[in-house]
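If you want the building blocks of each chain, they are given just below.
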Amino acid sequence: MTPPDAGRSPTIQLASGSWIWDVASDVLHADARFASLTGLDPIVAVAGAPGARFFEGVVPEDLLRVKIAVAAVMRGAESFARTYRVRDAEGVVRWVSARGRGESDASGKVVRFSGELADVTELKRVEEQLRVAQNAGGVGTFEHIDGFGTATVSDQFCRLLGLQPSTALPMRTINSVVCPDNPPIIQGADFSGAGPGGYSELRIRRADTGEERWIARRGEHRADNVGGGPSFIGVIYDITETKHTEEKLQELTRTLEARVQERTRERDRIWNLSLDLIAVVGRDGALRSVNPAWSLLLGYEEGVLLGRPLAEFVHPEDHLVVARALAAQAPAEHVDLRLRDAKSAWRQIDWTFVPEGDALYATGRDVTERRQLEDQLRQSQKMEAVGQLTGGIAHDFNNMLTGIMAGLELARRRIEAGRSPEAFRFMDGAVASAERAAALTHRLLAFSRRQTLDPQSVDVGELVLSMEDLLRRTLGERVALAVASSPDLWPARCDANQLESALLNLAINARDAMPDGGKLTIECVTQSLNQPHPSQPEPIQPGDYVVVSVSDTGVGMPDSVKAKVFDPFFTTKPIGKGTGLGLSMVYGFVRQSGGHVGISSKSGIGTTVKLYLPRLTGRPPQQGVSPDGAGPVLRATGEGVLVVEDDVQVKLMISAALADIGYRVLEAVDANEALEILKGGEAFDLLITDVGLPGMNGRQLAELARQLRPQLPVLFVTGYAANVSVRADFLEAGMHMITKPFSVEALATAVRESLKGSPSLRAKRSDPSS
Amino acid sequence: MNAPSVVLDDLERDAMTELVNIGVSRAAASLRTMVGQQVMLSVPSLEVVSRATAAVLVREREPDSLVVVRQDFTGAFYGQALLIFPETNSLELVRAVTGGLLSADEAAGMEDEALAETANVVLSNCLATLANMLERPLEMSLPQVMRGEAARLFDVSPSLAADAVVLFLYINFAIDDRNIRGYIAMLLDLPSLEALRSLIRSFISRIVGEGVPPP
Chain A
309 MTPPDAGRSP TIQLASGSWI WDVASDVLHA DARFASLTGL DPIVAVAGAP GARFFEGVVP
369 EDLLRVKIAV AAVMRGAESF ARTYRVRDAE GVVRWVSARG RGESDASGKV VRFSGELADV
429 TELKRVEEQL RVAQNAGGVG TFEHIDGFGT ATVSDQFCRL LGLQPSTALP MRTINSVVCP
489 DNPPIIQGAD FSGAGPGGYS ELRIRRADTG EERWIARRGE HRADNVGGGP SFIGVIYDIT
549 ETKHTEEKLQ ELTRTLEARV QERTRERDRI WNLSLDLIAV VGRDGALRSV NPAWSLLLGY
609 EEGVLLGRPL AEFVHPEDHL VVARALAAQA PAEHVDLRLR DAKSAWRQID WTFVPEGDAL
669 YATGRDVTER RQLEDQLRQS QKMEAVGQLT GGIAHDFNNM LTGIMAGLEL ARRRIEAGRS
729 PEAFRFMDGA VASAERAAAL THRLLAFSRR QTLDPQSVDV GELVLSMEDL LRRTLGERVA
789 LAVASSPDLW PARCDANQLE SALLNLAINA RDAMPDGGKL TIECVTQSLN QPHPSQPEPI
849 QPGDYVVVSV SDTGVGMPDS VKAKVFDPFF TTKPIGKGTG LGLSMVYGFV RQSGGHVGIS
909 SKSGIGTTVK LYLPRLTGRP PQQGVSPDGA GPVLRATGEG VLVVEDDVQV KLMISAALAD
969 IGYRVLEAVD ANEALEILKG GEAFDLLITD VGLPGMNGRQ LAELARQLRP QLPVLFVTGY
1029 AANVSVRADF LEAGMHMITK PFSVEALATA VRESLKGSPS LRAKRSDPSS
Chain B
1173 MNAPSVVLDD LERDAMTELV NIGVSRAAAS LRTMVGQQVM LSVPSLEVVS RATAAVLVRE
1233 REPDSLVVVR QDFTGAFYGQ ALLIFPETNS LELVRAVTGG LLSADEAAGM EDEALAETAN
1293 VVLSNCLATL ANMLERPLEM SLPQVMRGEA ARLFDVSPSL AADAVVLFLY INFAIDDRNI
1353 RGYIAMLLDL PSLEALRSLI RSFISRIVGE GVPPP
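Quick mapping for you: the protein sequence lines, in order, are chains A and B. Here the first sequence stands for residues 309 to 1078, numbered as in our numbering. Here the second sequence stands for residues 1173 to 1387, numbered as in our numbering.
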């Protein structure tokens, strides 16, 4: 809207051309510079040309404007000022600024039009560049000469402040847009409030919209200005966005603090309210920080705990666990530690340790009550099962006792009636019942792991093959059996009879797991383990093993069942169908033999039980006396036998049986009586003693007896004995063992075998006089 | 800025500026005769703005109080012509015009009269030149002096429609080597502006063809 020359008086370039137009004679005189700028012939120009040649070189786009301005001069306008384009003598288009004056005579008739023409091409270009730069950069410029009421400004300057575009504005107008308490945009030279580099940030209210904006002003005081006094010259630009971003950042920072505080409060609340123990523990084990739950649960004040080692409050048996947790690099869960509370009671705490840097972050949950409840539950389950079992056993035993008692009663009546031969049938029946009862007690002992094992060198492969027929009959027609054994099987060290029993047990379980038929596979392999091998229910320890695996294709079992399958009394069978002792017996036998049991199972796929039997090393253990030793009862020749037995009936039976055979029998009810006989010097050749005597036990009696009578043969009688589970470890040379119940024949055989080592008898035998 | 719906193009604006330029040149000649001193008047530019914008322009450019001399005109187009000075300048102008013959007190005493007379010379010459150049007669009222704030200046005539536009012209006074700035504003309603424009067009075609060789 504003013409290019509006309000400006562009600096006249050096070497401007000049013209004089004599209107009355219509002759234009121009100098060489004018001529070269307009392309006019310089000679013609100087000599004088028709007035219309003034328009020589003016580009067509600008010609009309120039003509209008000249026409105005010709009609009385005194001032002429136009900027327009001309094509110069070399054909180059240039911007020129023409300033001229019309002069009239007294009558008002225009007589002369003269002026100067300057090349402002460069100036226009610079101005244009500046304008583009200002618009593109949103930068407005200003210049204020000291002492003046107005400042020269750019359009962009006006736009930034919301002022109407102008080339000059009063200082008051400019500074009136500034909000109170902000420095003025333009200040006099004496103003000292400007920041370094004349930089200020100030808030303005736009003159047009009233909107508040942030403006940065950067200015410079110039000592002197061309054509004026000292000046203040500079630029302004809008920094509202930057300011807003800054404010947002500050707001964010401020609220961040608040948020962090809130979070911290939340954490503190958890720390304070938690019923679990929470602690920060140094790698050295010292408690660095503890939460209030410590005093609530354990009764220790914070001050007592801080700095003290955690281990100090931990049960000595758990110190190793603590040390391991403190050294761990990875988080550890379910670390069970017993902690002593202020009243010296132990609390069971389930810990989670998370190591981080030089400290561990630990939380501990009190599981004392839970563990107790679990134990109680387990105990009550056990009692229930024991009740069930004892009920079943009592029932079985009653049947068997009925058979024995009735048989004996009937036998006695037949004998009394003089029909002795008829008595045998009943007596045989009684013996059969008794043998069944013996087998049942044997099984119970196996489950309790208090059976007396007789570990021998066992060729497991051969044993399994020998059982094939038995197994096939047991499994029935619907279950296929496959038996495989690797050829170079090591000999295993275990009780062959128990292994047979265990395999039978497993086979029966497998059969029951395959109600619709299937396949049972028994494999025997050797296996050496250098490190613990993960397995259920427990890892297999390193060692050499003969492994017997029994696999079925049955229904399998869920994990919950698998976890309990070796527990005593656990059974999946209906009440009355199983005792729950089968797998427990297997487990007991294998563990007692120094081996391991592994089980794997998948529902719908089948179950595999692996028996890891220890490889036999060194010489085979000494063969014991077979408890079932049979053979003709040989007559004795009056050898002396001391029988020590607290059970009167048993003592009576043993004494009677031995006397029948021909032994001279001495009797004692306990160790003291026996020792008196020993000290009394009465001669006898064999000590037969019950292991489980009241007071001093049979083993101790035997040792004392040996002190009095070295090499005295001893025959132990045992129902079960916790300390005699492995025969070979219990017995010294010249000592033997017989397990209750036993037959008269077995007793006779055992006594005869024992007497073979008697020194007194050897002496007698070597004495020719006897 | 509220741009009027009828605007002059560059050429028309140039021509209008020159018309006023001729007018003030004649006024300067009259003043020279009156005061016997060198007086130069020139009009460097013209803006066509709305009344509201004109008020803003004046307020921003002249924040101090103003002295305004107003003359109404009627004819082919009608409206008001205003000559505007900052109040501080008006006394300067009076002194310059009276050529230092009066004391400061005397000048102050006859300020209004001197201003009205000076303005009458300027405005009358401008309007007379317009009428002459555009070949349409214009009748003018007597000059009237007003003082006050810019906002009120363009609210002077209820007879003008709200959409009236203002031809806003700078005017430089150079009297006795003193520079005094002022403004000439012509308030016109749109029909008047339209009439003025067509007269300007005729003027242009007349003068370009007259005594000027074809390009």
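In case anyone wonders, no lab produced these hints; they're calculated from the structure. Just to be clear, a hint being listed does not mean it is correct.
Away from chain A, derived, C-beta distances all over 10 Å, residues of chain B [as the list claims (entries may be wrong)]:
{"hint": "1", "residue": "Ala1187"}
{"hint": "2", "residue": "Pro1216"}
{"hint": "3", "residue": "Thr1225"}
{"hint": "4", "residue": "Met1312"}
{"hint": "5", "residue": "Asp1361"}
Partial pick of chain A residues on the chain B-facing surface, computed with a CB cut under 8 Å [as the list claims (entries may be wrong)]:
{"hint": "6", "residue": "Lys375"}
{"hint": "7", "residue": "Gly384"}
{"hint": "8", "residue": "Ser387"}
{"hint": "9", "residue": "Gly416"}
{"hint": "10", "residue": "Arg420"}
{"hint": "11", "residue": "Ser422"}
{"hint": "12", "residue": "Gln472"}
{"hint": "13", "residue": "Ser474"}
{"hint": "14", "residue": "Pro478"}
{"hint": "15", "residue": "Gly518"}
Distance windows between CB atoms, simulated [unchecked claim]:
{"hint": "16", "chain 1": "A", "residue 1": "Lys551", "chain 2": "B", "residue 2": "Arg1308", "range": "54 to 64 Å"}
{"hint": "17", "chain 1": "B", "residue 1": "Glu1285", "chain 2": "A", "residue 2": "Pro538", "range": "35 to 45 Å"}
{"hint": "18", "chain 1": "A", "residue 1": "Ala441", "chain 2": "B", "residue 2": "Asp1277", "range": "46 to 56 Å"}
{"hint": "19", "chain 1": "B", "residue 1": "Glu1285", "chain 2": "A", "residue 2": "His552", "range": "34 to 44 Å"}
Note that the Cβ used here is the ideal one computed from N, Cα and C, for glycine as well.
Status of each hint after checking the structure:
no.: 1; hint: Ala1187; result: violated, 5 Å
no.: 2; hint: Pro1216; result: violated, 6 Å
no.: 3; hint: Thr1225; result: violated, 7 Å
no.: 4; hint: Met1312; result: holds, 19 Å
no.: 5; hint: Asp1361; result: holds, 20 Å
no.: 6; hint: Lys375; result: holds, 5 Å
no.: 7; hint: Gly384; result: holds, 5 Å
no.: 8; hint: Ser387; result: holds, 4 Å
no.: 9; hint: Gly416; result: holds, 7 Å
no.: 10; hint: Arg420; result: violated, 14 Å
no.: 11; hint: Ser422; result: violated, 15 Å
no.: 12; hint: Gln472; result: holds, 5 Å
no.: 13; hint: Ser474; result: holds, 6 Å
no.: 14; hint: Pro478; result: holds, 5 Å
no.: 15; hint: Gly518; result: violated, 13 Å
no.: 16; hint: A:Lys551 to B:Arg1308: 54 to 64 Å; result: holds, 57 Å
no.: 17; hint: B:Glu1285 to A:Pro538: 35 to 45 Å; result: holds, 41 Å
no.: 18; hint: A:Ala441 to B:Asp1277: 46 to 56 Å; result: holds, 53 Å
no.: 19; hint: B:Glu1285 to A:His552: 34 to 44 Å; result: violated, 57 Å
Against the hints set out earlier in the document, violations occur for numbers 1, 2, 3, 10, 11, 15, 19.
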